[in-house]
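Participant: Residue strings, one per chain:
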Amino acid sequence: EGGEMAKSTQLIDNEVFRAYATYTAIVLLKMMLMSLITAYFRITRKAFVNPEDTASFGKGESAKKFLRTDPDVERVRRGHLNDLENIVPFVGIGLLYALSGPELSTALLHFRIFVGARIFHTFAYLIPLPQPGRGLSWAVGYSVTFSMAYRVLKTAWLL
Amino acid sequence: EGGEMAKSTQLIDNEVFRAYATYTAIVLLKMMLMSLITAYFRITRKAFVNPEDTASFGKGESAKKFLRTDPDVERVRRGHLNDLENIVPFVGIGLLYALSGPELSTALLHFRIFVGARIFHTFAYLIPLPQPGRGLSWAVGYSVTFSMAYRVLKTAWLL
Amino acid sequence: EGGEMAKSTQLIDNEVFRAYATYTAIVLLKMMLMSLITAYFRITRKAFVNPEDTASFGKGESAKKFLRTDPDVERVRRGHLNDLENIVPFVGIGLLYALSGPELSTALLHFRIFVGARIFHTFAYLIPLPQPGRGLSWAVGYSVTFSMAYRVLKTAWLL
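Residue numbers (the numbering used here), protein chains in the order written: chain E, 154 to 312; chain B, 154 to 312; chain L, 154 to 312.
Hints in this document: simulated from the structure, not taken from any laboratory. Fair warning: there could be bad hints in the mix.
[Said to hold, decoys possible] Taking lysine-lysine and the PhoX-like style, the derived pairs with C-alpha atoms no more than 25 Å apart in a straight line are:
{"hint": "1", "chain 1": "E", "residue 1": "K183", "chain 2": "B", "residue 2": "K212"}
{"hint": "2", "chain 1": "L", "residue 1": "K183", "chain 2": "L", "residue 2": "K212"}
{"hint": "3", "chain 1": "B", "residue 1": "K183", "chain 2": "L", "residue 2": "K307"}
{"hint": "4", "chain 1": "E", "residue 1": "K199", "chain 2": "E", "residue 2": "K212"}
{"hint": "5", "chain 1": "L", "residue 1": "K212", "chain 2": "L", "residue 2": "K199"}
{"hint": "6", "chain 1": "E", "residue 1": "K307", "chain 2": "L", "residue 2": "K199"}
{"hint": "7", "chain 1": "L", "residue 1": "K217", "chain 2": "L", "residue 2": "K199"}
{"hint": "8", "chain 1": "E", "residue 1": "K183", "chain 2": "E", "residue 2": "K212"}
{"hint": "9", "chain 1": "B", "residue 1": "K212", "chain 2": "B", "residue 2": "K199"}
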C-alpha cells in the first residue's frame, strides 16, 4: 500500500513532469485571473447580467439600469474565452507530451514559449495593442501546442 | 509488456488519486448536466438559435418566431460557462496536486469543499438565490484551486 | 534520477494509455481547428468584434461597418463552445478511465465512438445537416463520456 503510493507520487520527481506542472499551474492561474478582472470591470463600470447582482443598488428601475453590457467587460470576457479555447488543449496535450519522454530542454522551450505567448496575448487584448500583436501571440501559442501534439501522435500512435 | 501495463494502471490504487478521480468525475458529470438543463429550457421555452432546430415546428415565419433568446436559457448557459471557467482549472491543477503527494485527509478536504461549493453555485445560479450566495460559493471554489496550485508550485517548481 | 524518469515516462508504453493519448490529441486538434475556421469566416465575411482588428480596413466610419456579427461566424463559435463543453469532460474523465485498467478493446471502442461522434457533430453543425443529426451525434458522445465516468466511479470510488 505505502509502496504503491510512493511509486505513483514519484511522477512529480520526473523533471519534465515538474516543468509541465509548474507552467500549467502558472497558465491556469493566469486564466483564473480573468475572472477577477471581469468582476473588477463589472463593479467599477456597474455593468451586470443577473438581476440579483444589482439588488444592492436599490429596487426596481434604479437597479435595472445596471443590467447592461460594457465594452471593457465584454473585452475581458472575450480574452477569457480565448484562454479557455487555447489553454485547454495545452493542458491536455502538454500532459501527454510530458509523458512521451521529451528532452528537458526541448520541453522547457515549448512550455516557456506557450506561457509567454499567452501572457503577452492577455496584455495585447486588454490594453489593447494594435494588431498583429494579439494575432501573432495567439499563433505562437497555437503552434507550440501543435508541435507537442505532433510528438504525442508520433510517440503514442495507436488508433 | 504486461508488467508495464500493471505498473501504470496502479496509479488508481493510490488513495489520493482515487479521491481525485472520484471528485473529478462527479464535478465533470455535474458540468455535463448543464447541457441537459439547457436543452430542457430550450424545448419547454421554445427558444432556439439554429434554424434547423426549429424545422419540426413548421416552415417559414411560423418556425422563425422560436429563434429567440430566453432569460432562463441564458441563465443556464452562464452557469455552464462559469463551470467551464472554474472546473477546468480544478481538473488540471487538481491532477498535479494529487500527484504532489499530499496527505489524504488534506486532499479530501480540498476536493470536498470544491465540489460542494460548485454544486451550491449551480443551485444559487438557477434558483436564483440572493447574493452574496452565488458570489461566495464561487470564491470558495476559487480559493481551493488556488490553495492546490500553491502546493503544486512549491513541490514541483522548475521554471 | 534516470530511473525515476524512465519509470514515469513508461506510462506511454501502456497500450490503453497510448490509445487515450492518440484520440485525445486528435479530438483536441479538431477543437483547435474551430479557431482557424472562425478566423476564416471573420476575414471572408468581414465581421469582427475588436476595433483594433478592423484598423487595416481604414479609419473611422469606413472600418466601423466591419464591427458586426455574421451568422456563419456565430455558427462556428457555437460549435466551438459545444466542443469545449463536451471535449473537456472527455479529456478529464477519459484520462481517469484509461488509468482504471479497462480492456484495450473496450477502451478503443469508447475512444473511437466519441471522436467519430464529435467529428460528425462538427460537420452536422457547419453544413448544417437537418436535425436530429447534430443532436444524435451530441448524445452519442455524451453517452460515451457517461459510460467512462461510470467505470471510473466504480473502480476509484473514495468519497
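Participant: Just pull the numbers of the violated hints for me, sorted ascending.
Facilitator: Per hint list: 1, 2, 6 and 8 violated.
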